[in-house]
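Protein chains in written order, with my numbering: chain A, 671 to 785; chain B, 3 to 117.
Some hints could be false.
Said to hold, decoys possible - A short list of chain B residues far from chain A (calculated; beta carbon distances all over 12 Å):
1) ASN19
2) ILE58
3) GLU60
4) PHE66
To be verified - Cross-link-like lysine-lysine pairs, in silico, DSSO-like; alpha carbons within 27 Å at most:
5) B:LYS20 x A:LYS731
6) B:LYS11 x B:LYS40
7) A:LYS719 x B:LYS20
8) A:LYS772 x B:LYS42
9) B:LYS11 x B:LYS24
10) B:LYS20 x B:LYS38
11) B:LYS24 x B:LYS38
12) A:LYS719 x B:LYS21
13) B:LYS24 x A:LYS772
It should be emphasised that the hints constitute simulated quantities derived from the structure, not laboratory data.
Quick reminder that beta carbons are idealized off the backbone N, C-alpha and C, glycines included.
These are the residues of each chain, in order.
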Amino acid sequence: AQSVTQPDIHITVSEGASLELRCNYSYGATPYLFWYVQSPGQGLQLLLKYFSGDTLVQGIKGFEAEFKRSQSSFNLRKPSVHWSDAAEYFCAVGPYGGATNKLIFGTGTLLAVQP
Amino acid sequence: DTEVTQTPKHLVMGMTNKKSLKCEQHMGHRAMYWYKQKAKKPPELMFVYSYEKLSINESVPSRFSPECPNSSLLNLHLHALQPEDSALYLCASSRTTGSGSYGYTFGSGTRLTVV
Numbered sequence: 671a672q673s674v675t676q677p678d679i680h681i682t683v684s685e686g687a688s689l690e691l692r693c694n695y696s697y698g699a700t701p702y703l704f705w706y707v708q709s710p711g712q713g714l715q716l717l718l719k720y721f722s723g724d725t726l727v728q729g730i731k732g733f734e735a736e737f738k739r740s741q742s743s744f745n746l747r748k749p750s751v752h753w754s755d756a757a758e759y760f761c762a763v764g765p766y767g768g769a770t771n772k773l774i775f776g777t778g779t780l781l782a783v784q785p
Numbered sequence: 003d004t005e006v007t008q009t010p011k012h013l014v015m016g017m018t019n020k021k022s023l024k025c026e027q028h029m030g031h032r033a034m035y036w037y038k039q040k041a042k043k044p045p046e047l048m049f050v051y052s053y054e055k056l057s058i059n060e061s062v063p064s065r066f067s068p069e070c071p072n073s074s075l076l077n078l079h080l081h082a083l084q085p086e087d088s089a090l091y092l093c094a095s096s097r098t099t100g101s102g103s104y105g106y107t108f109g110s111g112t113r114l115t116v117v
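Next comes chain A alone, as it looks inside the complex:
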């Protein structure tokens, strides 16, 4: 069965520092992979997605993620974090096609940004 693991429940970084949020997936075929961000009490906003092609994906707000099939990983990175990046980040995997298509979320990583 497909699953998504985000090993880090909570991460604190200093403003201006680099960031990497980890995501590992388990899926039998080529997955569609997503990163979403959620500010407190808000809905989820899509940061970026991967489904084929270049394994380094650029997203909004200066984020990028790299798909590594050999490691079953899709880690999210940002070279310089801003205070407004403090939020919950969810990695998700979506199987391809069919009526049973579901988006499966990881448990999330809460990012705190220190001044």
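Given the coordinates of chain A, assemble chain B onto it according to the supplied hints.
Here is chain B on its own, set in the frame of chain A:
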């Protein structure tokens, strides 16, 4: 219009009340979803509608009743809820259910409190 609009944003209801949550999108998406999210947890899928027909019900209690009157609207009717049903209810849409490559667009949610 690239948004999913949910109303109301906040709702407090008693255990004997009947209320409805509304979700609307005008992106031409033909798949719509209801998710439930408890605090500090990832969203959990409740229902999937594809071309206005219910395609997935994740064993949700009958006190939650979804309705899709047309391709742009999705309602969630609530009746005789329990306090443990208090959560953030998120609506999402995608081009079709086979839209792993496109991802979902989420609304900002309805914060429901059952008293």
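Against the structure, the hints:
{"no.": "1", "hint": "ASN19", "verdict": "22 Å, holds"}
{"no.": "2", "hint": "ILE58", "verdict": "7 Å, violated"}
{"no.": "3", "hint": "GLU60", "verdict": "9 Å, violated"}
{"no.": "4", "hint": "PHE66", "verdict": "18 Å, holds"}
{"no.": "5", "hint": "B:LYS20 x A:LYS731", "verdict": "41 Å, violated"}
{"no.": "6", "hint": "B:LYS11 x B:LYS40", "verdict": "16 Å, holds"}
{"no.": "7", "hint": "A:LYS719 x B:LYS20", "verdict": "38 Å, violated"}
{"no.": "8", "hint": "A:LYS772 x B:LYS42", "verdict": "21 Å, holds"}
{"no.": "9", "hint": "B:LYS11 x B:LYS24", "verdict": "10 Å, holds"}
{"no.": "10", "hint": "B:LYS20 x B:LYS38", "verdict": "18 Å, holds"}
{"no.": "11", "hint": "B:LYS24 x B:LYS38", "verdict": "14 Å, holds"}
{"no.": "12", "hint": "A:LYS719 x B:LYS21", "verdict": "35 Å, violated"}
{"no.": "13", "hint": "B:LYS24 x A:LYS772", "verdict": "21 Å, holds"}
Hint compliance for this structure: hints 2, 3, 5, 7, 12 are not met, and every other hint is.
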